[in-house]
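Listed below, chain by chain, are the residues.
Protein chains: 2
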Amino acid sequence: MSTEDSLRRAQSDNQSSINVRRNEIRQQKSSGASKSETDESAKAVNDLKVDKSSIKSQLKASISGEGSSAASKEDFRKAVENTLERHLFYIPSFEIYGGVAGLYDYGTPGCAVKSNVLAFWRQHFVREEEMEEIDCSCVTPEVVLKASGHVKKFTDLMVKDEKTGLFYRVDHLLKDHCKDKLKKDLSISAEKAAELKHLLAVLDDLSDEQLGTKFKEIVAPDTKNSFSDPEQFNLMFKTKIGPSRATKGYMRPETAQGIFVNFRKLYNCNGKKLPFATAQIGQAFRNEISPRQGLLRVREFTLAEIEHFVDPENKSHPKFSKVSKLEFLMFPRDEQLSGQSAKRICLGDAVSKGIVNNETLAYFIGRVYVFLTRLGIDEKRLRFRQHLENEMAHYAEDCWDAEIECSYGWVECVGIADRSAYDLRAHTDGSGVALVAQEKFAEPKEKEKHVITLNKEELGLAFKDIQKEVVKALEVMEEKEAMKMKAALESKGEAEFEVCTLEEPVVLIKKNMVSISKEIIKQHTRVFTPSVIEPSFGIGRIIYCLYEHSFYTRPSEAGDQQLNVFRFTPLVAPIKCTVFSLVQNHKYEQLVEQISTSLKAARISYKKDITGTSIGKKYARTDELGVPFAITVDSTTSVTIRERDSKEQIRVNVDDVAAVVKDLSEGCRTWTDISQRYKYPPLISAEWKQRIIKTIHLFLYIFFFATIVKLTVL
Amino acid sequence: MSTEDSLRRAQSDNQSSINVRRNEIRQQKSSGASKSETDESAKAVNDLKVDKSSIKSQLKASISGEGSSAASKEDFRKAVENTLERHLFYIPSFEIYGGVAGLYDYGTPGCAVKSNVLAFWRQHFVREEEMEEIDCSCVTPEVVLKASGHVKKFTDLMVKDEKTGLFYRVDHLLKDHCKDKLKKDLSISAEKAAELKHLLAVLDDLSDEQLGTKFKEIVAPDTKNSFSDPEQFNLMFKTKIGPSRATKGYMRPETAQGIFVNFRKLYNCNGKKLPFATAQIGQAFRNEISPRQGLLRVREFTLAEIEHFVDPENKSHPKFSKVSKLEFLMFPRDEQLSGQSAKRICLGDAVSKGIVNNETLAYFIGRVYVFLTRLGIDEKRLRFRQHLENEMAHYAEDCWDAEIECSYGWVECVGIADRSAYDLRAHTDGSGVALVAQEKFAEPKEKEKHVITLNKEELGLAFKDIQKEVVKALEVMEEKEAMKMKAALESKGEAEFEVCTLEEPVVLIKKNMVSISKEIIKQHTRVFTPSVIEPSFGIGRIIYCLYEHSFYTRPSEAGDQQLNVFRFTPLVAPIKCTVFSLVQNHKYEQLVEQISTSLKAARISYKKDITGTSIGKKYARTDELGVPFAITVDSTTSVTIRERDSKEQIRVNVDDVAAVVKDLSEGCRTWTDISQRYKYPPLISAEWKQRIIKTIHLFLYIFFFATIVKLTVL
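Note that the protein sequences, when read in sequence, are chains A and B. Numbering-wise, the numbering used here comes out as the position in the first sequence, counting from 1, plus 1342. Numbering-wise, the numbering used here comes out as the position in the second sequence, counting from 1, plus 1342.
Since the hints were made in silico from the structure, they are not lab data. Just so you know, not all the hints are guaranteed correct.
Note that identical chains are pooled: a pair holds if it fits in a single copy or bridges any two copies.
Claimed, not checked - When the alpha-carbon atoms are kept at most 30 Å apart in a straight line, the in silico DSS-like pairs for lysine-lysine are as follows: (1) Lys-1495 - Lys-1582; (2) Lys-1860 - Lys-2004; (3) Lys-1582 - Lys-1517; (4) Lys-2036 - Lys-2004; (5) Lys-1695 - Lys-2036; (6) Lys-1377 - Lys-1505; (7) Lys-1828 - Lys-1782; (8) Lys-1394 - Lys-1525; (9) Lys-1505 - Lys-1810; (10) Lys-2036 - Lys-1582; (11) Lys-1614 - Lys-1814.
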């Protein structure tokens, strides 16, 4: 129990005690008790009142303590955001026109960080795991997103403030309201506080109906605003394709659907083998109701998604042993519901204890952990949270979010879900094209199979407009479902049947419409819909958290101000090194040019600065950009390289600079290696060293042959 | 004059002669001429008739010759497209749902080619020229695209086939109709043919009104279809931002506007210096009326654009000398209008003769030429075509398209335009934020300057709803414009004034609304709107042309079939090498794994194939993917590397394979270098060579010291 909880409980216990004592006094007075008796009781009440005021001030302090920590978080965020905006890491889009909430541009360093993160993603996932890659259209016709369920279900509940005309997300209002109550209202009971806290914990777990009810119970009566009734708002950007009015379309809300609809081609091209994975990096669009939280909740963003297709009967992973020993913060469902916090769990144990559903899902959790920490995410502020039952889609087997803690709290940055066969089935139903895989048996197997015969006339009469959808769904029905229908038709004469593609999915199939019989057949192959395991990365969110985790301040040399630093790893840093000249001087500037050329040839991103500003200011600027290494030309033969965080300097010969920085920025060598090696700077450059060694060897050869000749002649 | 033209002319000359002769005969007969006289004339007519039929059959042959060349082009295209689709270079989007015209996905090799092309683009332009980079939102609010002129002018003229309900682009119908007439109609005169050909040449130069008129004159009366009246269709995908109905938005039709609206921040961040350039790679969207031509005319595509901001008074380029000696096919305006064809011109001459407007524009033309030819575009099928006067936007100074010839004809792939100050001025007017640069004078200059005082009351009365836009535009009016207005107000009491942001841009300003006076001021700085030079690359089109230029067929070893090959340069190739084992054998497969690991470590993309198919089939598959090098494991110590186009093979030690392929695929060495070097395969690997040399050196040292010791002791 938190301090705050126990204080609230103490407060209400104290109030009950006071009430009890007061009753006592009243009873004593009415029963004509002695003064000493009533005095004692009165004293007890007074003592309790002293306690009460003490508890109240403690509670106030406890809450305001949280408040001040929130304020300091906001100060920190402002410092980070100011630095980012000043250097154009990001820019609110269309700012000269007043901007649009939830749209941001990336400037030069922002682009470089993004492209470094994506390059590493490709290396770490696509190349290492030998995945396919695909790049699909953003504009998507309605039929595809109807089948996937987005047209119907990709909504948020919103209300309109009837005075201002502004729209709000109901869950956000509810969340803010609960937090506000807990922070500012000292009078609420421990029970009420517990209720609000529970509501906060399970908010994501609520259905739209539940949300609407809670909103009307809790928020609406408490505020001065008058709100419209809650309504669902579809988060997809709507558009029309072509000049005819017929083709409705949307901007894709995720990249995944493009992979699913191409499954058949991808499977064939992969030699019809499972498992295989296809990756996609691209823009996705969500028409948020009222975006806030800066770069975290945006209307357009880069997603990197993987769809790993696997046999549902075998979700083991051949490389699981490579990650099974990893241990990090996990937050399983049970811990969340019982109010505990995340704890360190070994990934191998999580699978063997059944906390994580299967090896493949766990393998990706492990790979995501390695990916994020290598980028520079602080592993103490990274946890994997399991979705609650209702939070998860009904078809999902298991789902975990990689959450990163930043000034906004814990932020979902990567979702890793076992979506079962849902998506491929939905598009099989929607398109009438079977998205399935085959397994060939070594020996043919005998199996009972249903044969369905459709009476299209009856179906047509019964279903008219939706006849096509119903027929399609009946034709691709799974074995289990068919057997259930057969039983129902035989016992009741009718059966309920779900057609995913319909507005009202449940239809009633009657005995005269279909006949289902069983046959024993010899099967040479097993045909099945693969399961899909989907790790989905919000690249912008990861980058924003990376900015916060990388940011710190330190006093300037003179100690008169705080300087900002991003401790980007060389992998992520937008620029690997800067090149300065210590003073403005033609010879030094020539050297700066020479070093720049060698860096360009080695494909290392650099920035040169030959302005007259002081070296201190140059370092400050370069630290704010998170540049790990700064080269200062301060002589004509060797230069200084300074490491950003330790501020340590080494002296390196001009000819070696590019190679040293390349080794450092590609991670071949660490700063510690290099600084050890260059502690005593070499008197001669590597190039000259080579020449001298070659000369010695030449001399040795001559000497050797001369000796041989001498010996032979003599 | 083409053969076809002279035949048409001969045909009509022949007809006139026949007519003349017939008249003669008629006159002879009426004047009672002798039989010998009329016989001679009749014979002449008969001869002419023989000529006539000969001309006709020649004309037919000439046209059908073109037809058969068109047919062979189509066969070629089909072969290319089949190969591309089979290997998922591209996939028609949402194919299982019947697809959507103009939308395509890129599969694994297509993604790799695109990412290679973009990486080279970044290297060649962004890094080499030290540009800024930016990544802006695709979703764009209407206000931005109103200011840029897209809401009003980004349209195509279309008509509806009233029977089928399908929409067509008027210019496409007109083009097809003219081509059809020229191809199939033998009866049209040389003059009519010339007219149709001229129309084809200037089609892009026509305004919408002219197009509409020509369509009604030429196409509509000739076809069986009944068409609606031509109407303008805006090519932007429309959408709404947020739940409120207020904010209209579009998917950006180009990336450029994102750079313009950020000009002020980019300029400041660049130390307020000109020239500087900002680049952007990203998706753009155009809601084409009826997309055709496969990958060339699509509704969603990747653009790579550069906005180079420059002082309009100084468009020289410091690096122009680096490209001025280049000579390639250019197609200036005059040559197009006079019916000539493109010719080789030296870029330096093109600038000095005033064919290209300025050095900076020409510098980019040269850089684009180098970029395209390095990718593998055939320089004989690449030309730079200048825009005709009307084809170019009215504000543009000069504009050149890099056109690449493929089976569809000459295709515009890169536009390189000097757009003057138009874009920055449009957004200055639209936003009220001055997008300008400053030049500081060493000495202050005296200058006459206008001072404008607005009578806001009168303006408000006159312009009501549009008052804000008018005031904004008046306040940022340029010197020249203000002086013109001053003169008009003084002479006529009113002046026309253009406000770009309005639907009806021209408003009438009256004397009582503004007063303009002149002042002599001391200027320390010059404030001006920079010009912008914009190279804009349609990445998908470049890639498609590259596919066609890289494709060829050759007979299989057995000579029984034609095999397809893409001769991709190692730079572009989606996969740099394949690794096979000659036979299925555990030892060889282990070696395949070992080589794969070393390739992965060297970051070379590879594909392994350890299936049992024949080596010939493996080569065929790898050639179809355009893989330049194939490694075959056929012994345990050394392997064969085969080059795709020459089919030449060399033998390389296992330990050296990765290094050799890395050198080849990064362009450090050519195949000729390597094959010379490995003509006589080394007996020992490079590693062992090093070891032996080291041992010899050690031995020499020992020998040297032993000798010294011996000499000293003795």
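To see whether the hints hold, each was checked on the structure:
no. : hint                : result
1   : Lys-1495 - Lys-1582 : both (20 Å within a copy, 19 Å between copies)
2   : Lys-1860 - Lys-2004 : neither (69 Å within a copy, 60 Å between copies)
3   : Lys-1582 - Lys-1517 : between (36 Å within a copy, 27 Å between copies)
4   : Lys-2036 - Lys-2004 : both (26 Å within a copy, 28 Å between copies)
5   : Lys-1695 - Lys-2036 : neither (63 Å within a copy, 56 Å between copies)
6   : Lys-1377 - Lys-1505 : neither (61 Å within a copy, 107 Å between copies)
7   : Lys-1828 - Lys-1782 : within (28 Å within a copy, 87 Å between copies)
8   : Lys-1394 - Lys-1525 : within (19 Å within a copy, 101 Å between copies)
9   : Lys-1505 - Lys-1810 : between (47 Å within a copy, 27 Å between copies)
10  : Lys-2036 - Lys-1582 : neither (72 Å within a copy, 72 Å between copies)
11  : Lys-1614 - Lys-1814 : within (25 Å within a copy, 64 Å between copies)
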